[in-house]
Every structure is written in structure tokens, then in C-alpha cells.
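Undergrad: Protein chains in written order, with my numbering: chain A, 1 to 345; chain B, 1 to 340.
These are calculated hints, taken from the structure and not from any lab test. From a predicted model like this one, the values you see are computed outputs, not experimental measurements. Incorrect hints may appear among the rest.
With a straight-line Cα cutoff of 20 Å, these simulated EDC-like cross-link-like pairs (lysine to aspartate or glutamate) come out [claimed, not checked]:
#1 B/Lys245 / A/Glu144
#2 A/Lys104 / A/Asp133
#3 B/Lys99 / A/Asp161
#4 A/Lys236 / B/Glu121
#5 A/Lys149 / B/Asp164
Label-pair distances were calculated between CB atoms; the ranges are [said to hold, decoys possible]:
#6 A/Pro142 / B/Glu273: 35 to 45 Å
#7 B/Lys103 / A/Pro142: 36 to 46 Å
#8 A/Glu39 / B/Lys2: 19 to 29 Å
#9 B/Lys140 / A/Gln281: 39 to 49 Å
#10 A/Glu144 / B/Asp259: 33 to 43 Å
#11 A/Glu79 / B/Gly298: 52 to 62 Å
#12 B/Gly187 / A/Lys149: 17 to 27 Å
#13 B/Glu273 / A/Glu79: 43 to 53 Å
#14 A/Glu25 / B/Lys2: 41 to 51 Å
#15 B/His72 / A/Asp125: 39 to 49 Å
#16 B/Ala238 / A/Gln281: 50 to 60 Å
#17 B/Lys2 / A/Gly124: 47 to 57 Å
#18 B/Gln127 / A/Glu148: 15 to 25 Å
Beta carbons are placed, not taken as given, at the ideal position from N, Cα and C, and that holds for glycine.
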Amino acid sequence: MTFQEKLKKLVNAYGVSGDEFRVAEIAAEILKPYVDKVEIDKLGNVVGYKSCGKPNAKKLMLDAHLDQIGFLVTDITKEGFLRFMAMGVDPRMLLGSELNVIPKNGEPIYGVVCSTPPHLQKPGDNKKSVPIDQMLLDVGMPYEMVIEKIEVGDYIAFANDALDLLGDCISSKSMDDRACFMTIIHALELLGDTEIDCDLIIVGSTKEEVGGHGAMARAYIDKPDYAIAIDVGHAKTADSTPMDRTQDFGGGPIIGFGANSIPKFARRAVEVARAKEIPYQIEAIPAASGTNAWAIQIVEDGVSTLVISLPLRYMHSPVEMLTLSDVYNVGKLLCEFIKSFDGQL
Amino acid sequence: MKELLKKLTDLDGLAGYEDEVREFIENEIKDHVDEMFTDPMGNLYAFKKGAKRREKKLLVSAHMDEVGFLVHSITEDGMLKLSQVGGIDPRVLVGRRMKAGHKKVNGIISIKAIHLTTPEERKVAPQLASLYVDIGSSSKKQTEEYVRVGDPVYFNSDFIEFGDNRIKAKAIDDRLGCAMMIEIIKGDIEYDTWFGFSVQEEIGIRGARVLGNRVNPDISLVLEGTTAADLPNVAVHAQACAQGKGGVISLIDGKTVYDREIREPILKKADEEGIKWQYKTAGTGANDNGAIHIAKDGCMAFGLSAPLRYIHSAANVLYWPDAEEMLKMAKLFIKESGAL
Chain A
1 MTFQEKLKKL
11 VNAYGVSGDE
21 FRVAEIAAEI
31 LKPYVDKVEI
41 DKLGNVVGYK
51 SCGKPNAKKL
61 MLDAHLDQIG
71 FLVTDITKEG
81 FLRFMAMGVD
91 PRMLLGSELN
101 VIPKNGEPIY
111 GVVCSTPPHL
121 QKPGDNKKSV
131 PIDQMLLDVG
141 MPYEMVIEKI
151 EVGDYIAFAN
161 DALDLLGDCI
171 SSKSMDDRAC
181 FMTIIHALEL
191 LGDTEIDCDL
201 IIVGSTKEEV
211 GGHGAMARAY
221 IDKPDYAIAI
231 DVGHAKTADS
241 TPMDRTQDFG
251 GGPIIGFGAN
261 SIPKFARRAV
271 EVARAKEIPY
281 QIEAIPAASG
291 TNAWAIQIVE
301 DGVSTLVISL
311 PLRYMHSPVE
321 MLTLSDVYNV
331 GKLLCEFIKS
341 FDGQL
Chain B
1 MKELLKKLTD
11 LDGLAGYEDE
21 VREFIENEIK
31 DHVDEMFTDP
41 MGNLYAFKKG
51 AKRREKKLLV
61 SAHMDEVGFL
71 VHSITEDGML
81 KLSQVGGIDP
91 RVLVGRRMKA
101 GHKKVNGIIS
111 IKAIHLTTPE
121 ERKVAPQLAS
131 LYVDIGSSSK
141 KQTEEYVRVG
151 DPVYFNSDFI
161 EFGDNRIKAK
171 AIDDRLGCAM
181 MIEIIKGDIE
191 YDTWFGFSVQ
201 EEIGIRGARV
211 LGNRVNPDIS
221 LVLEGTTAAD
231 LPNVAVHAQA
241 CAQGKGGVIS
251 LIDGKTVYDR
261 EIREPILKKA
271 DEEGIKWQYK
281 TAGTGANDNG
291 AIHIAKDGCM
301 AFGLSAPLRY
311 IHSAANVLYW
321 PDAEEMLKMA
331 KLFIKESGAL
């Protein structure tokens, strides 16, 4: 499989927060050739170890989360329609959207979010957004058939496979954050058999979107000295304003500075980027980074954390969009950082 | 007919840009008709001889066009700004996949991330004027290599079978009517019949006027897709029609009062043959009959539609058994109207 095929296989898979085992299998398969050992733990976290073979080497964790945003079935109406609640989704992108219900066992079940056609609307209706608790999912089946296949509590995710756009742009429902898992894969690919001076712990973590619980558990178990959370960052879109503090799409890795992405660590990343002529951007992160670094930093004895972000347009939509050049540049920065890192900041 | 519907919904044909659909239909029917021609608007006419001549001339029609957009400008950063062609609720556009221009490059419509908005902002639905298609280009110049102002933009939405005999696709309104006519034309018919594949229905029933003028029928049968709002949050009296109850028979709509003289005998016969049908209980909307029945000296009109959920969006939903019942009714109509 080419790098792009692996990326698409990973982002096309389903794994809403708390239901990552299926996507974890795929991630583990992709990671396997690059590390000494891969495991999937009881939470669904994928963890791979690559040792440098040196005594007393420091441990560097590279984390990207595997879970995606999504929904839960809350009710099945007597007509066979589903009501649902959402995790991290703007209601304005749901009417008419295509979703897949992910039953505990069995294949995804396709459905369309109901909308009222223009012919039956009153003037002004189309200016108001519909709250998610008033929405319905049409799975095209009568009640009796629905209850055989779907239960309250089943997960739902945006449907549709990745879509190629112009140049090296790709759009998908779950670039956040599986594309970042692929930046780690790219880093490992570039690293090859190069001799390094730290032990690597690669984590594809669970439940980031609901608080970073997967990464927290891995930090507890693996006790890293350092951790880099690789997550997506808001890239500029045509409708964003300067107040949104977005980063450039295609501008390369975003290196965070702040309490959660500690300056000493971040400066090293900047030095590496400069020395290796990798394009990069700086983001000020005043407090919570909204990434797994927030959870990892305070586990047990404390961990030095860094946040590196991949520019992404339309985050948390069914059509999140990235450019592969950013993916490669994030991977390259990670690789060069690892190569230059002797365990001391 | 399902295979035909799939092929037809995979094609693109905005009002005024129906060429791709028309060419497909011409190829499908050319060996099965006795006469075939087009007019300056792009309507396609086909005459097929039946086993018998009929006293009253019948025109069966369906429209080839679909709702969508035209590129009205390209921004400096390469985004496509759109004008809509036909009635589309802007709320079904965010998060959709599109195809743009004659090269049909992929694009997406979305809005900035939820993290960058306030709860108040999320209560207001973005209107078309603030939306745009992002094809992954970084400049106006790059975009113009692929898409030009005036090019059509379509929903990028696959034909998918799901649930209990459901089909999701774009433009089932009214490619289903087209598929049904092709199916009928490929078979034997009882009486001579004119078939019309019309253009520009979605922007005000334009093609059908010329269709009516040229054929000048005594009876018009329009095969359409109509709104089924049979959803749990819509009161039964407001649902217009429902899936699973067969073809939808029009009584009155925004442009036509349908003729009892022709409706009653056909429905009686349909009941005898056990064909499922239902009345449309809303008077809104209109179809090509609106123009055909007032063309020249006028004619009698019969409206037969498939109950479709979410028409005029990327995801029209059809219940396949309704299409089968509708086809039976259309065939029955062609036969029975010959004896009227």
C-alpha cells in the first residue's frame, strides 16, 4: 500500500470516541513494520515501541488520537427513525447529511438526516438552524426491522470515503486526527534504521474528543519522559476572520508555545525546523491546547509536553480538508527532531 | 429500470445544461422509436407506434434537468461563489461534496470549525451568499484552469441502496420519470404515443411549454417526483404523501387543476388491477403539466409522481416498490387512455 492508500484506509474506517477497536486494528497493522512491538490495550489504544538499544535512554512518546467525532443513538421512533445526540458537531452541517450507524456487531447501516423540502417550508424557516435534539435520521426501515439491527447507544459517524481534491488536497470525515497518526508513520519511514538516542513510544490513542482518557492511560503505563501530541490545527478558510487566529494551509507544521507546549521543548522543535529548512508556523497556546498534551502533562510525576499541529480546514465537519505537503512536513519535522534528540532539552 | 435510474442519476444536467442526459437517453431509445427529434431548447421528442391508433393524442413526459448551481464568481483565493438553479434550502449545503465545471473537479462546501463559532452564531443558518465551494485551489488563477464563471456545479452524491428497498441519489427528481419512459419505450405499447423528455422544469417549467406547443396533445401524462414529508415530526395532514403507498396522483397543485374525466376511469381500472396509488394531499409545487395543459388549445392533464423524501437536496430517497407501482400505473394509463 502506498502512503496515500494507508491514509485513506485509516480515515475511511469508523471509530467514534469509545469505539476505537476496529480502527485500532488498522492502525496497528500500518504501524507494525516500523517498530519492535505493537499492542492494542484494553481501551483500544494502539502502542508501538522502537528501542534505540542504549542503556538508560530517555523515552519519547509520539501521540495522535484515533477516535473521531460522532453521535449516539438516543431513541428509535415508532416510525423507525432515529434520534441522536452529538459529540463536537455543529448542527448546521447535519441537515441532509449522510451518516452511518455502527452497530455493535455487523456492517455500518446507512442513513440520511431528515430535512424539510423547500415546498413545505414557511418563509424564514431556512434562516434558522435546527437543534440536533430535533433532528431525525432516516435509515429507510420500519420500526420492526430497525430494532433487529440498531439499539439505543449505538454509535453514528459521518459516512463517505475520502475525496481527492485539486493538487494534493484530500477531504475526509476523520482527518482529525488519523492524518496525524500518518505523520508519525511518515516520520518512522524517513527514520528507517538511523541510529537514535532515545526510545520511542508510538501511541494511537482513544477518547481524545471526550477528554484524552486513552492518552492519559498510556502515559501512566509507559511513563514517557517527553511526549509530543500531534493533532490538527485550524487552517485559514475563506470564511475565517483574523480573530479566529488560524494558521496557513500548506504552511507546514504548527509548533505550539505555552504552558502545555513548553517553551524549552518548542524552541528545540523550531531550531530543528530551521536547521533542516522545514517550513513551520508558530501558535501561541495560552492554556489548554485542546490536545492530548493537556492530559499527558500531569500524569504521575509529570511529563514534558509539546504540541505540533497539522493545518486542517473545516475541522469537525464531514469534509475536513488537508494538503499532503503539510502531512509530509509534519512527518519530516518529527523525524529530524527524533534524530537530533539525545534525551535532554 | 433500477440500473437505468443509477446510470441517469450518475449523469449531470442542470436546467439549461441537459446535454449529457439527453445524449444518454437518445442512445437508449433510438432503436425503439419511430421518430425522434430535438428542438432549440433541448427538449427530446420520441414517437412510438403502438398496436393500435388512438383517437386522442397522448403525450407522456418527464424532465431531464436537476437543481444545482452556477458559478457566479471566483474569489481571489480560488473559491467558487454560487447562484442557485432551482429551489434549494441553503441548510442542506454545509458539509456536502460537490463537482464543479465541465471537468467535474471535486469540491466541498463547509463552514469554519465549531471551535471558532459561538452558540449564538450556530443558531443562524448560513445563506448561499456566505457559502462557497473549496476545490483545493490556492488562487483564482489556479481555479480558472479547471472551472470558469458560468460553469455548472452539482451535488457529488452516489447512488446507494440502503435500508428496506430504499435508494439514495441526487436528481431522482426526475431521472426516475426518464428511466420509466425509457423502460416503457423499450417494450411494446398498446397505442401510438408521444414521449417528451423536457428541459428547464426546475426554473419555472420552461421546456414543457414548447413540448406542449409542438406535440399539441389531447391528454398529458407527466411522470414526476414529489415531496413526501412522511416524517415523525410532520403532522399527517401536512405530509403531502407517504412512501409505501404507491404512485402519487395529483388533484390540484400550484399550476394545474387535474381533470376528473380522465382521472376517475383510470383509477377505477387501477383499483381493479390492484395497483397501489395515493392522492397528493398538498396543493403546493407544480410539474410540467402546468405548461403542457395550457399550451395551444389546451388538453387534459394527469399527474403521476413518486413519493420522494428530501427532494432538492443531495440525498433524494426513493422507496423502490413505489417506483414499481408507478410504472404499472403509467403502463395502464397508456393502454386505457387509448380507449377514452
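Undergrad: Check each numbered hint from earlier against the structure, then list the numbers of those it violates in ascending order.
TA: 2, 6, 8, 9, 11, 12, 13, 14, 15, 17 and 18
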